[in-house]
Amino acid sequence: MIRTPLRPLARILDARRRGENPDAIERENLRLRHEELRDHARRRAEGRLLVLGLVFLCAYSVIGARMAHVAATEPAEPRTAQVRAPIVAQRADIVDRQGRILATNLETHSLYAQPPLMVDPVGAAHALAQIFPDLDEKELVEDFTGKRKFLWIKRKLSPEQKQAVHDIGEPGLLFGPREMRLYPNGRLAAHVLGGAGFGREGVHAAEVVGVAGVELEFDDMLRDPAREGAPLTLSLDVSVQAAVEQVLYGGMKMMNAKGASAILMDVHSGELLSIVSLPDFDPNDRPRPPVSGRASDSPLFNRALQGVYELGSTFKIFTVAQALDLNLVSPETVIDTRPPFKVGGHRIGEFENHNYKDISVEEIIVKSSNRGTGKIALMVGKERQQEFLRQLGFFTPVPIEMGEAAGGRPLLPTKWTDLSAVTISYGHGLSTTPLHLAAGYAAIANGGYLVKPTLLRQAGPNYGARVISAEVAAASRQMLRKVVTEGTASFAEVPGYQVAGKTGTADKPIETGGGYYKDKVIATFAAMFPADAPRYVLVLMLDEPVETSGDKPRRSAGWTAVPVAAEVIRRAAPLLGLRPVVEPQVRAGITLSSSR
Amino acid sequence: MRNFLSVLTALAVIGLAFWAYHENYKTQEALATNEALQNDIADARARLAVLRAEWAYLNRPQRLRELAELNFDKLGLLPFAPEQFGSIDQVPYPPLPAVQLFDSTTAVNTTEASQ
Numbered sequence: 001m002i003r004t005p006l007r008p009l010a011r012i013l014d015a016r017r018r019g020e021n022p023d024a025i026e027r028e029n030l031r032l033r034h035e036e037l038r039d040h041a042r043r044r045a046e047g048r049l050l051v052l053g054l055v056f057l058c059a060y061s062v063i064g065a066r067m068a069h070v071a072a073t074e075p076a077e078p079r080t081a082q083v084r085a086p087i088v089a090q091r092a093d094i095v096d097r098q099g100r101i102l103a104t105n106l107e108t109h110s111l112y113a114q115p116p117l118m119v120d121p122v123g124a125a126h127a128l129a130q131i132f133p134d135l136d137e138k139e140l141v142e143d144f145t146g147k148r149k150f151l152w153i154k155r156k157l158s159p160e161q162k163q164a165v166h167d168i169g170e171p172g173l174l175f176g177p178r179e180m181r182l183y184p185n186g187r188l189a190a191h192v193l194g195g196a197g198f199g200r201e202g203v204h205a206a207e208v209v210g211v212a213g214v215e216l217e218f219d220d221m222l223r224d225p226a227r228e229g230a231p232l233t234l235s236l237d238v239s240v241q242a243a244v245e246q247v248l249y250g251g252m253k254m255m256n257a258k259g260a261s262a263i264l265m266d267v268h269s270g271e272l273l274s275i276v277s278l279p280d281f282d283p284n285d286r287p288r289p290p291v292s293g294r295a296s297d298s299p300l301f302n303r304a305l306q307g308v309y310e311l312g313s314t315f316k317i318f319t320v321a322q323a324l325d326l327n328l329v330s331p332e333t334v335i336d337t338r339p340p341f342k343v344g345g346h347r348i349g350e351f352e353n354h355n356y357k358d359i360s361v362e363e364i365i366v367k368s369s370n371r372g373t374g375k376i377a378l379m380v381g382k383e384r385q386q387e388f389l390r391q392l393g394f395f396t397p398v399p400i401e402m403g404e405a406a407g408g409r410p411l412l413p414t415k416w417t418d419l420s421a422v423t424i425s426y427g428h429g430l431s432t433t434p435l436h437l438a439a440g441y442a443a444i445a446n447g448g449y450l451v452k453p454t455l456l457r458q459a460g461p462n463y464g465a466r467v468i469s470a471e472v473a474a475a476s477r478q479m480l481r482k483v484v485t486e487g488t489a490s491f492a493e494v495p496g497y498q499v500a501g502k503t504g505t506a507d508k509p510i511e512t513g514g515g516y517y518k519d520k521v522i523a524t525f526a527a528m529f530p531a532d533a534p535r536y537v538l539v540l541m542l543d544e545p546v547e548t549s550g551d552k553p554r555r556s557a558g559w560t561a562v563p564v565a566a567e568v569i570r571r572a573a574p575l576l577g578l579r580p581v582v583e584p585q586v587r588a589g590i591t592l593s594s595s596r
Numbered sequence: 001m002r003n004f005l006s007v008l009t010a011l012a013v014i015g016l017a018f019w020a021y022h023e024n025y026k027t028q029e030a031l032a033t034n035e036a037l038q039n040d041i042a043d044a045r046a047r048l049a050v051l052r053a054e055w056a057y058l059n060r061p062q063r064l065r066e067l068a069e070l071n072f073d074k075l076g077l078l079p080f081a082p083e084q085f086g087s088i089d090q091v092p093y094p095p096l097p098a099v100q101l102f103d104s105t106t107a108v109n110t111t112e113a114s115q
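Going line by line, the protein sequences match chains A and B. For the first sequence, my numbering assigns the number 1 to the initial residue and increments by one for each residue that follows. For the second sequence, my numbering assigns the number 1 to the initial residue and increments by one for each residue that follows.
Just so you know, the hints here were simulated from the structure itself, not pulled from any lab data. For each residue, glycine too, the CB sits at the ideal point set by N, CA and C. Possibly wrong hints are sitting among the right ones.
[Stated by the list, open to error] To give an idea of the chain A side of the interface with chain B (calculated C-beta under 8 Å), a few residues:
no., residue
1, Leu30
2, Gln98
3, Gly99
4, Arg100
5, Ser239
6, Glu544
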């Protein structure tokens, strides 16, 4: 850059000659130079600002473009992740204790229509009505030709149906993928599994949510992706459950009962091997809850853990076990059971007005004497009786892994009088579910420990607090064994399995209140086997059974529930791997003599 | 010297670029293979789920019971009963292989006949 001098000699000399102040020239030049410098600096600053602006513009454009790109593209899984979670179904399977599938998922398709895309709506409606007999052709025509832009036609399609719809060739009929819940065993364990339905629904996918049973109880767990599809293992055994259901169904029909339930429970771990309530339903096509009538008449009603019943004489063993535990009586103590026995002004009667006179405590159980147990209950006292039954869990719903169990809240007397104590000692005046009874019997069977009934497979014994001593439990088992060998449950004798148990026949209370039906009973048999070291408890209940093979109809549990229970044990025990203790007969044709 | 260095740098840049692109393509290819395999696995899993469901459906106790009843003549299957538990000495062992005994009398007879 050529700098112009501030005091150019020529101009200074010229100015001096003219008598002007040469400093003015210098100032003028300095001013010009400053102006020039200023202009230059401004231009540079402006240029820099422009560049900076451009840089910012570019940066923001890039960020904006990236944001738009991220927002507009479909989400994709990271391609380079090191450990990839296995691709799993949206809902985990449910399996039985041996890993056999009880519930799984199946990919199907749903069918929906977009009438604006339709070429021949009337023809399509006609063809659809032919494929699906349950669809109404007129309604379809209305829907297809009306203003609707979208409608669901079928939630689930079988592959054949899908192909048939595909063959119509209508572009307005579209399929969306659907994962559906499948219960391959049909009605098996229907009440336990419950069922599943669709939650939030879109065209491309739908949530599968549990609506009842373990599907509802473990809904979050089954849908938790962190479990990577690990199946939920129940304590049920499919083959045992199937055998029990079959026998119970046959028994229910044979005994003309309107309902039945059976519970088979491991006395050490509390695992339920089988829990049946009849009538049942198909969880693949779960019926709607009834809107009228009694809930207990619906097949959805689970008699085993929702139905509360007075379970009758099966309760007697608890009274006696408590009295034994308190050292009030021994099995040999003789008690006078002659009438009259009045409590609170009420006369306590016996079954068919028997009079057993002086009998031992053991015989009270074997012969099922109401007056005998009533007297023992008075010895125990109502406070201690309440405390004992509370310990056994008869006062609260069974804490089992099913939401429905909360419905099985026991019905207790409003005021626990001496009369209540006496009637409850033989199972009247306190309504519980059969599951409560099974848990109570398990405590006697396993040597005096409480166990919590569970539907999940356990690793081993799961003892709770001790409620009675081991000796008392053994003595009680001995009495229960005698009920079968010489008492009211003689039909329960299954060779090789030494069944011990107690029958219970309770009149059904009239729903509208005011007394009991004369010809409607709840027949129960609570059993444990094998008696010397019980492994399983079976509680079997028939609702309104009547056995008509004799001269007059018989309703007592000994004639109804007991033979059915015996058949259940005969079928289920081998499946449980229990070896009968009697030696089987040597097969014909095999002789151990020498060949000569 | 300076020119030589510039050429060398340029060549190095070209070489490194070639290597980088090569690695990039290899990575892309590996990712694509990985993705294809993952898809195959997913398909196989889906197929397996269907097969398991089908297996469970075909093995449902009710169907097996009906099949056992239908084929009772041929198979004679009955529910498992307590009597069917046996002990080990009830299992018939296969007969011991018969020992070839040399019968001296016939041997003598045949030698006599041939003479």
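Name the hints, by number, that the structure is in violation of. 1, 2, 3 and 6
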